[in-house]
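A.B. asks: Okay, here's what each chain looks like letter by letter:
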Amino acid sequence: MDENLKSELRKQGIVATTLQELYNWGRKNSLWPLNFGLACCAIEMIAASMARYDMARFGAEVFRPSPRQADLMIVAGTVTKKMAPQVVRLYNQMAEPKYVISMGACAISGGPFKQGYNVLKGIDRYIPVDVYIPGCPPRPEALIDALMALQKIIDKQSLTGADRPRHLQADAPSEFVVPEFGAHDLEPSQNPEVWQPPLVNISLGGTDDAGKH
Amino acid sequence: MTNVPYLPVVVLLLAAVAFAVGPLALAWVWAWKFSPRKPGPSKNAIYECGLESKGDAWVQFHPGYYLYAIIFLVFDVEAVFLLPFAVAFTGLPLGAGIAMLVFLLLLVEGLVWAWQKKVLVWS
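Order-wise, the sequence lines are chains A and B.
For the first sequence, counting from 1, position 138 maps to 138 in our numbering; every step adds exactly one.
For the second sequence, counting from 1, position 32 maps to 32 in our numbering; every step adds exactly one.
There may be inaccurate statements among the hints.
[Unchecked claim] If the Cβ cut is set under 7 Å, some of the chain B residues that face chain A in the computed set are:
| hint | residue |
| --- | --- |
| 1 | Ala31 |
| 2 | Ser35 |
| 3 | Pro36 |
| 4 | Asp56 |
[Unchecked claim] Taking lysine-lysine pairs in the DSSO-like style, the calculated list, with each CA pair at most 30 Å apart, reads:
| hint | chain 1 | residue 1 | chain 2 | residue 2 |
| --- | --- | --- | --- | --- |
| 5 | A | Lys81 | B | Lys33 |
| 6 | A | Lys82 | B | Lys43 |
| 7 | A | Lys114 | A | Lys156 |
| 8 | B | Lys38 | A | Lys6 |
| 9 | A | Lys82 | B | Lys38 |
| 10 | A | Lys156 | A | Lys11 |
| 11 | A | Lys156 | B | Lys38 |
Source of the hints: derived by calculation from the structure; they are not laboratory data.
No residue lacks a Cβ here, since even glycine has one placed at the ideal position from N, Cα and C.
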C-alpha cells in the first residue's frame, strides 16, 4: 500500500495495515527478556527494568525466569568458558522467534578479561547476536537504545519471501551446538555456522588491505 | 424463546469457550501457515535450565521419619493436656484425676517403647 495514502487515511482516523505489520507490531512491543544476568552488566540491566529507566515503556519489563516464555536473551556480562555451555543451552531452549542482545564489552569480545584463560572471547562464537552494546558496563540508556534498535530490526522483518527471518524458515536451525569441555578448551571452540575468525591483514591476490600492490 | 431465563448463561458459556479456544486455534493456524515447528533435544528437555538434569527424580526417602512423628506427638499432646490439667488440678474430683493419670500412663508407655527401640540414642 502506498505510504502517502496510508498517512492520508491516518489523518482521517482510518488505520490501514497489513498482516505483516500487525504481526511485527505485536512482537516488537512485547519482547520478554530472559531473567538471566552474568556479571556487573546485569546490575545495569536490572536498573533499566526499574522505575527510573522503566523498560516497561517498551513492553520489555516482563523478565521471565523460564527460557520457554522468553523472546530475548540479554547476555549481560562476562561469559566464562564454564558458563558458555549453559548460555547456549538456555538459548536453545527458548522458543522461536528469539533474539540476542550482547551487552557490554565482555559479552562482545571478552572485554578487559580477553586475555584470561577462562573467558569466552564473545558469545557470538556460539549463538547469533542481533544487537551489540559497547560499554563497560553500558548504562541503562544504552540498553534501552539497543532494545529500540532491536525493535527496528523486528519491524523490518518480512513474513513471506526468501529473506524472511530464521524462525519462519522450516529448514533453518533453531538449536545451536552446545560446547563441551575438552582437554584444553571448549570443543568446538566456535560454531563455524555462526562465527568465522576474521581475516586481518592478509593480502589476497597480491594486494594488501589498502588495495595497493 | 422470548422468556428463557437461562439464555444469558448459555450465551456467556459459549463466549467463554470461544474466548479460550479462539486464540489457541488462531495460534495453531498461524503455526501451520507461517511459523514451522522446530523441536530439538534441548528444547524438548524436561528441565528448563542451563544445566542438564542428572539422575532420577524418583528418589527414596528414609522411612524412619515416623519415629520422629510419634515422639513429637507424645510430647506435644502431653503438653497440650497437662497445662489445663495443672490449672484445674485443685478442683478436680477423684475420677477425673484417675482418668488423667491413665492418659499420662498411655503416653509414657509410648515414650518407654521409643526408649526400648533406642530412638532416644543420639547417633
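A.B. asks: Are the hints correct? Go through all of them and say.
C.D. replies: Results for each hint:
Look at Ala31(B): its Cβ only gets to about 10 Å from chain A, farther than 7 Å, so that hint breaks. The criterion of a C-beta within 7 Å of any C-beta in chain A is met by Ser35(B), whose closest approach is roughly 6 Å, and the hint holds. Because the smallest distance between the Cβ of Pro36(B) and any Cβ of chain A comes to about 4 Å, under 7 Å, the interface hint for this residue holds. Taking 7 Å as the C-beta cut-off, the interface hint given for Asp56(B) is violated, the closest approach to chain A being about 21 Å.
Note on Lys81(A) and Lys33(B): the hinted pairing is violated, with a Cα-Cα distance of about 40 Å set against a maximum of 30 Å. At most 30 Å may separate the alpha-carbon atoms for a hinted pair to count; Lys82(A) and Lys43(B) meet this at roughly 21 Å. With a C-alpha separation of about 34 Å, the suggested pair Lys114(A) and Lys156(A) falls outside the 30 Å cut-off, and the hint is violated. Taken as a hint, the Lys38(B) and Lys6(A) pair is broken in the structure, with Cα atoms around 36 Å apart against an allowance of 30 Å.
At most 30 Å may separate the alpha-carbon atoms for a hinted pair to count; Lys82(A) and Lys38(B) meet this at roughly 27 Å. The hinted pair formed by Lys156(A) and Lys11(A) meets the criterion: a straight-line CA distance of about 23 Å does not exceed 30 Å. Taking the CA atoms of Lys156(A) and Lys38(B), the gap is about 23 Å. The hint holds against a cut of 30 Å.
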